[in-house]
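Asks: Below, each chain spelled out in residue letters.
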Amino acid sequence: MEEINNLMQGFSVAMTLPNLVYMLVGITLGILIGVLPGLGGANGIAILLPLTFSMNPTSAIIMLSCIYWGALFGGAITSILFNIPGEPWSVATTFDGYPMAQQGKAAQALTAAFTSSFVGALFAVALITFLAPVLAKFALHFGPAEYFAVQLLTFCSFVGMSKEPPAKVISSMMLGFALAAVGMDTVTGQLRMTYGFPELLKGFDFLIAVIGLFGIGEILLTMEEGLAFKGKSAKLNMRVVLQTWKELPRYWLTFLRSTAVGCWMGITPGGATPASFMSYGIARRMSKEPDSFGKGQIEGVLAPETAAHAAGTSALLPMLTLGIPGSPTAAVLLGGLMIWGLQPGPMLFVEHKDFVWGLIASMYLGNLVGLVVVLTTVPFWAAFLRIPFSVIAPVIVVICAVGAYTVHSSMFDVVMMLVFGIAGYLFKKLKYPMAPMVLALVLGDMAEASFRQSMLLSQGSLSIFWSNPLVGSISGLAILLLFWPLWSKAKDAMGHGK
Amino acid sequence: MNEPSEVPIGTRKPAFKERGPELAVAALLMAIAALVIKDSLRVGIDWADDGPKAGYFPFFIGLLLLGSSATIFFSTLINWRKNQAEFAERDQMATVFAMLIPVTVYIAAMVWLGIYVPSALLIGYFMRRYGKFGWLPTVSVSLVVPVAFFIVFERWFLVPLPKGPIENLLGF
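So the protein sequences, as listed, match chains A and B.
All residue numbers for the first sequence refer to the working numbering, where the first residue is 8 and numbers rise by one.
All residue numbers for the second sequence refer to the working numbering, where the first residue is 53 and numbers rise by one.
The hints are simulated quantities; they were obtained by calculation from the structure and are not laboratory data.
Be a bit skeptical, because a hint or two may be false.
What the hints assert, rightly or not - Subject to a maximum C-alpha distance of 27 Å in a straight line, what follows is the list of computed DSS-like cross-link-like pairs (lysine-lysine):
hint : chain 1 : residue 1 : chain 2 : residue 2
1    : A       : Lys209    : B       : Lys215
2    : B       : Lys90     : A       : Lys209
3    : B       : Lys90     : A       : Lys496
4    : B       : Lys134    : A       : Lys438
Stated by the list, open to error - Label pairs and their calculated CB-CB ranges:
hint : chain 1 : residue 1 : chain 2 : residue 2 : range
5    : A       : Ser495    : B       : Val199    : 53 to 61 Å
6    : A       : Lys295    : B       : Gly119    : 41 to 49 Å
7    : A       : Trp491    : B       : Val199    : 33 to 41 Å
8    : B       : Gly119    : A       : Ser495    : 34 to 42 Å
9    : A       : Phe18     : B       : Phe224    : 40 to 48 Å
Because the structure is a prediction, the values reported are computed rather than measured.
The C-beta atom is built at its ideal place from N, Cα and C for all residues, glycine as well.
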């Protein structure tokens, strides 16, 4: 019951007028970001982060997390109406959402998408409400070895669960770690890998990397795909919304399954994108009429949207309790916490109760506000995509450049943004995953610190990662996940041999 | 993605193969790994009196990066003939560069001219060149966007953005 009390406390923090205004601003900006190509949750928040440096941290996180919810909602609009996924996690929504729009059922598809997003998020927030305090309490007993083991688990599960070849996942991840190590070593104060460039003293900021990789990189990709935005128009009226809502309870099993997939993929750093594909796949396999998928089956909209939103939301659970983000966007929010002077991790639940519970309460409210806003303003957002790309593209480049500059007021960062942008384009084309790189860049210093502290404790022996049942089982699980691809490959090979 | 394409070669414009960029990126990552390892060795990868030296952790990172990128590098070489996967069509590459080159010029110009004037020029260039807009909408959009940025950042949030000689002339 303590959680309920804390949550009520949180609502009283989140329900103040300024915070509600920040919420609305965040949702609106978020939908805009979700609709526009090249701007997404991660880089949109990265660009706006410097503007919040002077704000009160609770209001700042409420606004930024609402941008995230807004972006999750917004991605569905372009997928359904234009067949252009505004966000990678809404690719699976296009499979059935766009056919529905072509059949003149755009309004139903949008209602279904928004509602299932809301349901997915609601389950995930409930999970956070009750699981986060438990996990935080548990993590209070963690030493450096346990922390490193959890980080190892995070990174190994990337290797194990990514669709990309393991060598590329590891390369991308290690590049992130290497970039994080550039600059002054926090323990010895020695300069590393600066090679005489004074600009590198501070190291590489992950915000710049995120803006470049996801912003400029995405714009370059969009250029390549051609720019014909030919969309269906949609008017949502209350009658269609209510009618669709009446149908939805029939799909309760799809909702439950997709939420479970989403929460699992969000907490382990699978992220929203694989969660949406996986959930779509499961829904099709479990369906009585799998052939109707891809031709405008409403379940094909429900499943990926529920899972994406559940994953996006539950990615904040490990971020808040352990300081380990489950997605690039959660990583950016984590960076925000550190900039505002809050150390993410279990102590947050002890020292900054107001902040944590205000945030959790705002997730309930933010998603509700988001649902209402998005249902009432769809035509307005669709109009944004009718602006020709020859206007949108340079404006987004300008926004990215401004965002990169304001992080440290440094021109060097803007140049680095372009470099990361080209890297992002190449990585995307060559199927290197970007999330491990961003997470490694964020967690690099922390992982290194906990590794070095563990080594100090054990006098350089790796056996410390097996020194007690807790750390041993986390490390064991990490190793298991790391070699998962090898195992499944071996199984495949044996299967072919027969 | 290693399946050879179904369309016989010669019936369409040749596209860029994936293997070239694949090899180049892997080579670049190997070079970065070498830089990481070299500098880790310089600062020391063994133990000092007070614990591991600064190069201890990055050294292993460098080794892992070298290992994984070398794997990609050599498997690309080994499968060189087999791998006919495409990177992009020629037209597609042209549109990518149509974006990349102006953006590079834009960022280079920012160093001297600040952010406002190059932004206006970039937006104007794109609207005229690719949007085929008339002068009136072009000029108005390319002026409104930087002015809006000026108001939001410099006036509202008090975050200064880089300015150049023209803004100085105007007295900012």
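Asks: Which hint numbers doesn't this structure obey?
Replies: Per hint list: 3, 7 and 8 violated.
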